[in-house]
Amino acid sequence: GDSVTQMEGPVTLSEEAFLTINCTYTATGYPSLFWYVQYPGEGLQLLLKATKADDKGSNKGFEATYRKETTSFHLEKGSVQVSDSAVYFCALSDGAGGFKTIFGAGTRLFVKA
Amino acid sequence: GAGVSQSPSNKVTEKGKDVELRCDPISGHTALYWYRQSLGQGLEFLIYFQGNSAPDKSGLPSDRFSAERTGGSVSTLTIQRTQQEDSAVYLCASSFTGAEAFFGQGTRLTVV
Numbered sequence: 001g002d003s004v005t006q007m008e009g010p011v012t013l014s015e016e017a018f019l020t021i022n023c024t025y026t027a028t029g030y031p032s033l034f035w036y037v038q039y040p041g042e043g044l045q046l047l048l049k050a051t052k053a054d055d056k057g058s059n060k061g062f063e064a065t066y067r068k069e070t071t072s073f074h075l076e077k078g079s080v081q082v083s084d085s086a087v088y089f090c091a092l093s094d095g096a097g098g099f100k101t102i103f104g105a106g107t108r109l110f111v112k113a
Numbered sequence: 001g002a003g004v005s006q007s008p009s010n011k012v013t014e015k016g017k018d019v020e021l022r023c024d025p026i027s028g029h030t031a032l033y034w035y036r037q038s039l040g041q042g043l044e045f046l047i048y049f050q051g052n053s054a055p056d057k058s059g060l061p062s063d064r065f066s067a068e069r070t071g072g073s074v075s076t077l078t079i080q081r082t083q084q085e086d087s088a089v090y091l092c093a094s095s096f097t098g099a100e101a102f103f104g105q106g107t108r109l110t111v112v
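One line per chain: the protein sequences are A and B, in this order. Its first residue numbered 1, the first sequence is counted upward by one per residue in this note's numbering. Its first residue numbered 1, the second sequence is counted upward by one per residue in this note's numbering.
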């Protein structure tokens with residue numbers, strides 16, 4: 001069945017460091033891909049998405065490119081801030097899988113001042 | 001409403017009691033999901049509705065858990081004979097089919 005695998009955390013970075021959180025997926029069809037973020041004490045919210053191969057999703061300085069050849073959707077940010085400290089979830093929705101949204105385990109990011 | 005609404009926001013119950021958690025999805029959203037998040041953990045999928053039917057109930061942990069959705073809208077997650085290991089935040093999300101999911105704030109369940 002469909003699945004999402006993302007790098008284990010926690011990831012600890014200093015402010016202004018470069019961030020990469022790896023995400024790979026397995027899907028029967030051609031899924032839409034998402035990154036969600038959960039800030040401390042808050043609910044999950046969509047960060048960015050991409051609906052087809054080679055699409056790049058971007059928001060708040062974060063980017064992720066839908067790579068069909070490597071079945072990946074890695075999250076990147078060039079310069080992280082303390083306020084980016086949160087848990088990040090990679091997810092997919094696959095029509096062949098009935099459009100159920102499947103989430104990865106989440107990666108906790110700590111950014112130090 | 002403007003967003004996904006869950007009630008109650010907090011629930012403390014005694015072990016062995018039944019609880020009902022409610023989710024009001026965004027109007028018009030066809031898909032509805034229930035997830036569970038234990039402290040510091042990821043999202044555990046429980047059940048997925050498409051309209052009123054549940055094509056995937058594979059995540060329900062035991063037969064003490066059940067869920068229904070009526071009128072293609074409101075959903076109720078019921079936990080019978082609650083146990084301490086049921087303590088978690090229960091999250092509901094809704095979406096148009098295949099699109100991004102919008103989450104409620106969750107119900108924090110504590111079984112004492």
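Calculated from the structure, these hints are not laboratory results. Possibly wrong hints are sitting among the right ones.
Unchecked claim - Here are the simulated SDA-like pairs of lysine to any residue, each with C-alpha atoms no more than 20 Å apart in a straight line: (1) A:K52 with B:A99; (2) B:K17 with B:F65; (3) B:K15 with B:S66; (4) A:K52 with B:S66; (5) A:K49 with B:H29; (6) B:K11 with A:G41.
To be verified - Derived list of chain B stretches under chain A, where covered just means 3 residues or more per stretch with a C-beta under 8 Å from a C-beta of chain A: (7) 43 to 54; (8) 86 to 99; (9) 103 to 112.
Each residue gets a CB set at the ideal place from its N, CA and C atoms; glycine is no exception.
Original post:
Which numbered conditions among the earlier hints are violated in the structure presented, ordered from lowest to highest?
Top reply: Checked against the structure, the only hint that fails is number 4, while the rest are satisfied.
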